[in-house]
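S.K.: Read off the chains here:
There are 2 protein chains.
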Amino acid sequence: MTKPTFGFLGPPGTFTQEALLQVVDPESADLIYYPTPEEVILAVAKGEIGQGMVPMENSVEGTVNATIDALGFETDNLVITNEVILAVRLHLLGRAGTNLSEITEVYSMPVATAQCRRWLREHLPNAKVIAANSTAEAAGRVAYEKGSAAAIGPNLAAQLFALEVIERDVTDHPEAETRFVVVGREPAAPAGRDKTSLIVFIAEDKPGALLEILTEFSSRGINLTKIESRPTKRVLGEYCFFIDLEGHVKDDIVSEAITSIEAHVAKLRLLGSYPRAIGRLDAERLARRARSAQARAGSE
Amino acid sequence: MTKPTFGFLGPPGTFTQEALLQVVDPESADLIYYPTPEEVILAVAKGEIGQGMVPMENSVEGTVNATIDALGFETDNLVITNEVILAVRLHLLGRAGTNLSEITEVYSMPVATAQCRRWLREHLPNAKVIAANSTAEAAGRVAYEKGSAAAIGPNLAAQLFALEVIERDVTDHPEAETRFVVVGREPAAPAGRDKTSLIVFIAEDKPGALLEILTEFSSRGINLTKIESRPTKRVLGEYCFFIDLEGHVKDDIVSEAITSIEAHVAKLRLLGSYPRAIGRLDAERLARRARSAQARAGSE
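Here the protein sequences come in this chain order: U and P.
In this text, residue positions in the first sequence follow our numbering: the first is 165, and each later residue adds one.
In this text, residue positions in the second sequence follow our numbering: the first is 165, and each later residue adds one.
It cannot be assumed that every hint is accurate.
Each pair may be met inside one copy or between any two copies, as identical chains are not told apart.
No farther apart than 25 angstroms at their CA atoms in a straight line, the calculated lysine-lysine pairs in the BS3-like style are these [said to hold, decoys possible]:
#1 Lys431 x Lys390
#2 Lys390 x Lys359
#3 Lys359 x Lys414
#4 Lys431 x Lys210
#5 Lys359 x Lys431
#6 Lys210 x Lys167
No wet-lab data here; the hints were simulated from the structure.
I would like the entire structure built from these sequences, with the hints used as guidance.
M.R.: See below:
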């Protein structure tokens, strides 16, 4: 039997690989990395790999428009099958025995160093900040090059290049999280606590179009967890909304709402229903909700 | 008389500087650059500079969450006073006389090279892609270092470092635009074709909260141009919506809608009313609208 194949935004040592390892056992699957989210998604669409993990929101790996564009506009046969939310934890990594005081160069991606600027200014005001194409490349340079250099990167990058964590959590905003999604060709079955993602295309931006859509959800008690408007950049004057909601497309109220919406928009593209991940903030909110509504909790 | 001071996301040669030069004459103002959007915004808030230009959406300079967070959560005395929309035009830049065939290294920011990946694969498949902290740093390295290197960057970077454009428009998505905003402490007067930005904070994410807000706008015929939901990351369970709408806060219908919304949300933070920029897509849509509604055009 051939192993399932999973693509991810590489190189090895990225947060995306860290996210993938939360849901896939590397012993029982082949993991293949790609240089961009778009290439991961196109490889799944063409059937070169079974599924792919890509960053969706607030990633240090760069823009997520690449993910949304590839998923929403460049392919039409893919669905999101799972999601993973990771805290963005960046550490200062160095070779064994390196002291903070002797570091003269710090390697990382510009997006990552920008998130650690305050920490760097306070603790390494004289170190030169040198750009790398990924946090993994940065860790690799520290591992193989001479000099008193350190890298800013995630735990996995330290493990892959046998570096030590010199300082934990050097980001200025330790509460930051990144949301990753698994993309595949087969929809996921209901898991009991699901989320559905969709894109609604509207022919003209006019007052009230969005209102009609939201009413379909609201009147059925469906909770939205995300909404974002964007020009489609494909058809002039066409706008679209990215919507995430609580529930599975196999739930009656969700499928009814979608059918009603389809009747009065240019197009509705279902991006899949999948088990809802629990981020740190989500987890705390859910715990609070559980406490304040224990009576309801039993019946869910 | 002292010159007005404008901060921008630097270093010199960035798209943000290009955007600033569209609205400010460098002869009659002092331009000061900062390493992050956050630092530009905080400098304006503290009164160190008069106004600041920062990227807001879809920038090649990196994430815009930094802009929104600093403006929405870290300061409370600032308003957006203007906006500029620029096409993201990235060119291959080299020293005078450099031929495409002899280029062995390409310098740029990871976010910028990611946008040119297809072009690079086709035209420079063997060139080594080397990371820089900004497109300007990349241009500087090409200008001052030996070897057959080229940089990917905007026109202004070529001008600042006396480089030639070897190839125009090397991005894979030439339709990409970046939206920049000018941030200041004094609100802008109505200009006739304005836009208003605000953030609405909602105490609990419940079905219907957003619907109530949108109804206030829709019932008054106010057109929204952007809507985006986000956790505030400040108070657990609190969500907020970033909303852009057509009109000025001094328009009666806009101020009425805002007053009504304020009555039933946790907080509403007005980010200012300012003249609406015309992007490429906007310009074409507007032209089409003007044609299809010439009768109305005369009265506006």
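S.K.: Using 25 angstroms as the alpha-carbon threshold, which applies to Lys359 and Lys431: within, between, both, or neither?
M.R.: This pair counts as within: shortest intra-copy Cα distance 20 angstroms, inter-copy 28 angstroms.
S.K.: Please work out whether the CA atoms of Lys431 and Lys210 approach to 25 angstroms or closer within one copy, between two copies, in both situations, or in neither?
M.R.: within (23 angstroms within a copy, 47 angstroms between copies)
S.K.: Quick one: Lys359 to Lys414, C-alpha cut-off 25 angstroms, is that within a copy, between copies, both, or neither?
M.R.: Close inside one copy (11 angstroms), not across copies (40 angstroms); limit 25 angstroms.
S.K.: How would you classify Lys210 and Lys167 at a CA-CA limit of 25 angstroms: within, between, both, or neither?
M.R.: Result: close within a single copy only, 18 angstroms intra versus 58 angstroms inter.
S.K.: I want to check one pair: Lys390 and Lys359. Are their C-alpha atoms no more than 25 angstroms apart within a copy, between two copies, both, or neither?
M.R.: Result: close both inside a copy and across copies, 11 angstroms intra and 23 angstroms inter.
S.K.: Is it within a copy, between copies, both, or neither that the alpha carbon of Lys431 lies no farther than 25 angstroms from that of Lys390?
M.R.: both (19 angstroms within a copy, 19 angstroms between copies)
In summary, the structure agrees with every hint in the numbered list given earlier.
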